[in-house]
Structure formats: C-alpha cells, structure tokens
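When you get a sec, could you build the whole thing from the sequences and use the hints?
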Amino acid sequence: MNFKLSTISTVLSSALLVTALSGCTSNEEPSSQSNAAMVQAAIAVEKFGPQQNMQGSQAAALGNNQWLIASESQGLLVTDKDQSSVLLAGNFESISLKKITEQQFLLASLDNNQDNVAIFKLLKTDSSWQLTELTRISPPQAQPDAVCLFKNDNNATVSAFVPDVRGLISETIIYDLASKQAKNIAVREFSAVTEASGCAVNDETKTLYVGEAELGVWAINADAESDANKQPVALVEPYGELKAEIGALSVSDDGTLWLTATDNNEVYAYNAQTEKLSQWSLNGELAIESVAAELINNEQAQLVLIDDETGAYITTKVNYTAQTAASQNKAAMTHITASAQTTPVAAFGDAADDPAIWINPQDAKNSLILGTDKRRGLMVYDLDGNKIQSLNVGRLNNVDVRQHQGINNQTNTWITASNRTLNSISVFTVDNDNKVQHVTEVATNLAEIYGMCMYSSDSGHYVYVNDKSGLFQQYKLTGEQNNVSGELVREFTLPSQPEGCTADDKLGQLFAGEEDQGIWYIGAEPTAGNSPVMLQGVNEQLVADVEGMEIYHGDDERYLVVSSQGDNSYVLYNISDDTQPSLSFAGKFNVIANLDKGIDGAGETDGLTVTSKALPGYPEGMLIVQDGYNRMPLQPQNFKIVDWREVKKAIK
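Heads up, the sequence shown is in the numbering used here, so the first residue is 2 and it goes up one at a time.
There may be inaccurate statements among the hints.
Stated by the list, open to error - Computed list of lysine to aspartate or glutamate pairs in EDC-like fashion (alpha-carbon distance at most 20 Å, straight line):
(1) 181 to 154
(2) 614 to 556
(3) 650 to 154
(4) 507 to 558
(5) 181 to 597
(6) 244 to 264
(7) 231 to 196
(8) 614 to 364
(9) 436 to 364
(10) 653 to 558
As the list claims (entries may be wrong) - Simulated restraints, written as ranges between beta carbons of each label pair:
(11) 299 to 238: 31 to 37 Å
(12) 367 to 650: 28 to 34 Å
(13) 180 to 469: 44 to 50 Å
(14) 367 to 507: 22 to 28 Å
(15) 489 to 276: 49 to 55 Å
No lab work stands behind these hints, which were simulated from the structure alone. Bear in mind the structure is a predicted one, so any value in this text is a computation, not a measurement. Think of the CB as a built atom: it goes at the ideal place given N, C-alpha and C, for glycine as much as any other residue.
Structure follows, in structure tokens:
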C-alpha cells in the first residue's frame with residue numbers, strides 16, 4: 002500500500018516550530034529554532050459559552066462564529082460569544098462533525114447515560130438548529146472512549162470510528178451520501194491503543210489520528226480496504242518532545258491536526274505535508290483537555306478549548322498559516338461495485354490469492370469459480386460464491402484453466418496451480434459430475450515456484466511458472482485422463498520478481514507482470530525466443546505492485562485487466578492487434594462497497610480473472626478479484642464477483 006508516515010524519529014528530528022506570543026492577536030508566525038533557544042510567551046485566553054457547571058469535553062465549529070459544544074451535565078449546545086441554546090439535554094462528551102451540505106451536518110457524540118455512540122443529523126433552518134437522531138452504535142460490552150467521523154469520497158459514505166476501553170477501534174458506516182439514508186453497517190474492528198484520549202480523521206489523506214494520553218498520537222490508514230498501518234506522529238517525553246497528557250484531537254478544514262497537552266497547557270498543530278509541529282503555550286492556571294480550530298483566514302485560527310480545572314470552555318486566536326492542498330496527478334478513477342462474493346477462506350491472514358473460471362459447456366449455470374487458498378489448496382465455488390469443494394493439496398498460489406478439444410479427458414479440461422508446498426505444478430480436471438478432481442503433480446526445478454498461467458495452441462498445452470528471481474519456465478503438458486506429465490521446453494527471465502501472467506491462445510501472445518516495474522510481452526510459443534519486451538511501466542495509473550492480469554475478449558477489442566495493487570485499483574489497457582502488440586490506457590477503476598447487498602469493496606488485490614462468456618446474470622461475462630481485506634463485517638479474505646457491465650463504465 003502507499004500510505005506512508007514518517008516515524009517519530011524523523012518527525013521530531015526536524016525543528017519544532019514554536020510561536021513567541023505576547024497576546025491573542027499579536028502572534029508572530031512560527032519560526033524554525035533549536036529547542037534550547039525557544040522563548041515562549043503565553044497566549045491570553047477568554048471565557049467562551051456557558052461557564053456554570055458545564056463539565057465540558059469537546060467543541061466543533063459550525064461556521065458563522067457558531068460552535069457546537071458537549072457537556073456532561075447539560076447535553077449538546079450551540080453557542081457563540083454572546084448566547085447559547087441547548088439542542089439536546091443529557092450527558093454527552095466527544096464531538097465529531099462532518100458537513101454534508103451547506104445546511105446539514107452529521108454529528109457523533111458519546112452518550113454517557115447509555116454507554117454508546119449517538120449519531121444525529123444537524124440541520125440549520127433559518128437562524129435555528131434542528132437535531133434528529135439517526136442511529137446508535139454500541140461497542141459490545143465495552144465503554145466507548147471517543148468517536149470520530151470519516152467522510153469517504155471513494156464509496157460516498159460516512160463512517161464512525163469508535164475506540165473503546167478494550168483497546169479496539171470499530172468502524173461502522175452510518176450514512177450513505179448517495180441515497181441520503183442513515184445506515185448502521187459494521188465494517189471492521191482492529192487493535193489500536195490501550196486508552197484513547199480522542200480521535201480525528203483527515204478525509205483528504207484518509208488518515209485516522211488516535212491520541213493515547215500518556216504516549217502520544219498515532220496515524221492509522223482510515224481506508225478499510227487497506228492495512229491499518231499504524232505509525233507514530235508525535236510521542237510524549239521521554240520518547241518524544243510532546244508534553245503529557247494528550248487530550249482530544251480535531252482536524253481543521255485544511256487538514257491540520259490539532260492537539261493539546263495538559264502539562265504546561267500546550268497546544269500543537271501538526272502539518273501532515275511538512276511533517277512538522279507548531280506549538281503554543283496558554284496563559285493561566287489551566288488544564289487543557291481538548292482543542293477545536295476554525296480557520297478565520299489563511300493566516301489565523303480561532304481555538305475553542307476545554308479547561309478541565311473548571312469544566313468550562315475558553316477561546317483564543319493564533320497566527321497559523323493554513324495548509325494548501327497538495328497538487329496530485331492522479332488518474333481519473335471510476336467507482337464500481339461487486340454483485341456477489343465468495344465464501345471466505347478458512348482462516349484470517351494472507352490466504353486467498355488467485356481465481357479462475359471454468360465454464361460448463363452443457364449448462365452455464367453450473368460453471369465453477371476456482372480460488373486458491375495459499376495455506377491449504379484449491380477452493381471451488383458456484384456462481385453465487387458458495388463454496389462447494391475444498392481440495393487440500395498444499396499451498397497453492399496461482400491457478401488457471403484451459404478448456405480445449407485437444408485435451409483428452411471427460412470435459413476437455415486441465416486446471417493447473419503453482420504448488421509452493423511441493424514446488425510443483427498441481428494438475429486438476431473437472432469430471433462429468435461437475436466435480437473438480439486432483440490428477441497429478443508435475444515437478445519443477447525452480448528455486449521456489451510462485452506465479453503461473455496457461456496457454457493452449459495447435460502445438461500443445463502449456464504452463465508458464467516463475468519464481469521470485471524473475472525466471473520463467475514453460476512446461477508442455479502431455480497425456481490423457483489421469484496420466485499427465487510435463488516437459489520443460491523454454492526459459493526466459495525478467496529483471497526482478499514477477500507473478501501474474503496471461504496468454505492469448507488465438508494470437509500466441511504472453512503478457513507478464515514484473516511487480517515493481519510493469520508489464521512485459523513475449524511470444525507464447527516455445528519457439529518464440531527468450532527476449533521479452535517491456536510494454537508498460539509503472540506510473541500514476543499503474544501503481545506497484547503489478548499483480549494479477551487477464552485478457553477480456555470483446556467483440557471488437559481486447560482489454561488487459563491488471564491489478565494495480567499499490568493504490569487498490571485496476572487498470573484497463575486496450576491491446577493492439579499488431580504482431581508485437583502495444584498497450585494503450587483505456588480506464589481505471591476500483592471496487593467499492595455495495596451497501597444494498599452488504600458486500601464490501603476490494604483492496605490489495607493479488608490475483609484476478611475475467612471471462613466474456615455469457616453467464617446467468619452476467620450477459621457480458623464477469624470479473625473476479627481477490628480481496629485482501631474482507632469487511633462488512635470483518636472476515637477472512639475472499640473473492641469479489643463483478644458484472645462486466647460495471648467494468649465497462651470505466652472504459653474511456
């Protein structure tokens with residue numbers, strides 16, 4: 002995955018930016034200094050909102066100088082400098098807001114009376130605010146520590162992250178932006194920190210920040226279709242230079258992370274682009290527990306904070322230069338959804354890898370989906386994704402199928418897979434009862450077999466296998482029924498580790514992926530030499546690792562579908578009909594959650610397969626992709642089944 006944050010040693014080895022201030026409006030822009038030379042002047046603060054028996058915790062900006070504040074004694078309130086009103090009485094702490102229109106927000110807050118998370122829609126009508134409860138999230142037998150909302154433009158949803166006292170974070174989709182409907186769909190659960198002081202999300206970078214009071218702040222990938230990849234942003238003394246204790250977190254509109262430390266009443270702003278901290282110290286006998294910021298302009302921000310000594314809110318202004326949006330040269334992405342998914346593999350971990358499709362020539366509805374479990378063997382599914390067979394023959398990595406009249410068995414079928422347990426080619430067939438049968442093992446002399454694919458022509462039936470060194474071997478399969486053998490007929494190499502490959506039987510062409518570099522071409526016949534040609538390097542469209550690939554044979558055009566694993570997407574290339582083909586970019590897409598069917602998206606795809614054969618419910622064929630992170634709810638890996646008509650939306 003591409004989600005990267007510097008470790009704390011990198012972040013804190015850079016100069017800590019400190020503001021020397023004499024008052025709330027006379028701040029100087031933070032400048033880079035050595036820590037020993039820092040001279041701090043405390044910032045003056047003012048009272049903000051109701052002061053009596055507030056027992057406050059966190060605020061959030063509503064715009065137009067209005068703020069939403071939480072109170073454990075009074076509930077949820079809207080306030081400005083001069084007046085306030087109670088929206089909902091109760092015992093609430095922790096606030097997270099996401100704007101969905103100019104007049105509407107989604108609001109999440111902890112309801113301490115019920116030990117759960119309340120989700121509301123907040124609507125501005127004329128000069129007043131209307132609060133409507135949408136749903137509740139209850140962590141199982143666990144008190145929630147905090148809540149923060151994530152607006153995910155990839156799948157047009159808003160989800161809530163809830164750290165709880167177990168040290169786990171749950172993610173729940175709470176709103177569908179496309180249908181404007183409230184949801185309550187469990188997505189995943191993962192370990193985080195022992196005691197979360199707060200959390201916040203940068204929607205643009207898909208970064209979840211979690212505070213750990215006595216240790217510091219962590220960044221976690223908010224995208225459910227990727228590894229969480231927890232990284233430190235800043236740690237407290239003696240591990241870093243933050244003061245303890247870290248309070249609740251917030252992210253301003255420009256993506257800046259704001260946090261506080263109770264010791265010395267420090268306020269920090271973390272700029273993710275520069276990976277630097279700005280720091281201010283507040284004046285007075287205070288115990289700052291949280292901060293929320295609203296940018297007044299590009300050079301100044303208003304802060305609303307909670308003073309834990311009094312339980313009341315205070316405010317100040319600081320000079321801070323807003324982050325500018327980083328220029329990004331990204332290929333246009335089409336978002337599509339899966340129609341079905343397979344039964345998960347047997348256990349959590351990196352297991353499901355590569356799919357293939359066997360077409361039943363007598364009755365298409367009895368066609369089979371094949372998928373490798375690289376801990377166990379070959380799994381067999383029906384077209385609805387239900388597992389109907391399991392052949393535990395070893396750690397199978399890649400699988401491919403050939404159906405050809407020249408194959409002499411009951412269904413003219415050979416299925417082969419790379420077997421990493423035996424360093425061999427596992428050979429299967431399908432019998433007349435629609436059952437997959439293991440036939441034999443063909444030994445290889447590779448150092449460690451890895452990827453593979455098949456090819457059939459008038460000259461014979463072949464299996465290409467490779468290892469991580471870049472070496473490809475081509476084996477010719479001969480025999481009939483259960484008497485099958487393989488002969489090594491050619492070798493060639495790529496410069497570094499390959500895996501996926503695919504062959505066009507009609508035109509005798511082989512396409513192979515070099516994971517870190519791109520896509521190669523070589524003739525598929527054993528007499529075609531041993532000098533592959535690079536067709537397509539990695540770029541902003543094709544992001545390493547280059548993984549599974551397969552050819553879709555349309556009526557007039559061929560498309561190479563490739564897994565662009567580095568950005569959890571897929572790239573379509575039009576293949577020219579030249580003797581030595583070329584590739585031209587035809588589109589890019591990702592597979593996002595299908596909320597109506599309860600199917601999550603697909604991420605970190607290893608293998609994929611595609612067919613243009615008409616199948617029940619799929620008149621133009623289907624694409625099947627491995628899903629590295631099976632969510633909604635969290636389950637072991639599986640394969641997602643996509644209607645080719647969905648894929649066509651991405652073709653430019």
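How the hints compare with the structure:
Note on residue 181 and residue 154: the hinted pairing holds, with a Cα-Cα distance of about 14 Å set against a maximum of 20 Å. About 11 Å separates the Cα atoms of residue 614 and residue 556, which keeps this hinted pair within 20 Å; it holds. Taken as a hint, the residue 650 and residue 154 pair is honoured in the structure, with Cα atoms around 18 Å apart against an allowance of 20 Å. Only pairs whose Cα atoms come within 20 Å are accepted, and residue 507 paired with residue 558 is accepted, the gap being roughly 14 Å.
Between the alpha carbons of residue 181 and residue 597 the distance comes to roughly 13 Å, so the proposed pair stays at or under 20 Å and holds. A C-alpha spacing of about 6 Å is found between residue 244 and residue 264, which places the hinted pair at or below 20 Å, so the restraint holds. Proximity of residue 231 to residue 196 is assessed by CA-CA distance (about 15 Å); at most 20 Å being required, the pair is judged to hold. Straight-line distance between C-alpha atoms of residue 614 and residue 364 comes to about 12 Å, which keeps the hinted pair within the 20 Å bound.
For the suggested pair residue 436 and residue 364, the alpha carbons sit about 14 Å apart, so the restraint of at most 20 Å is met. Our distance criterion of 20 Å between C-alpha atoms is met by residue 653 and residue 558, whose separation comes to about 13 Å. A C-beta distance of roughly 32 Å is found between residue 299 and residue 238, which places it inside the suggested range of 31 to 37 Å. Taken as a hint, the range 28 to 34 Å holds for the pair residue 367 and residue 650, whose Cβ atoms sit roughly 29 Å apart.
At about 46 Å, the CB distance of residue 180 to residue 469 agrees with the hint of 44 to 50 Å. The hinted window of 22 to 28 Å between residue 367 and residue 507 holds, with their beta carbons roughly 26 Å apart. Against the hinted window of 49 to 55 Å, the Cβ-Cβ separation of residue 489 and residue 276 comes to about 52 Å, which satisfies the hint.
Hint check: no violations occur; every hint is consistent with the structure.
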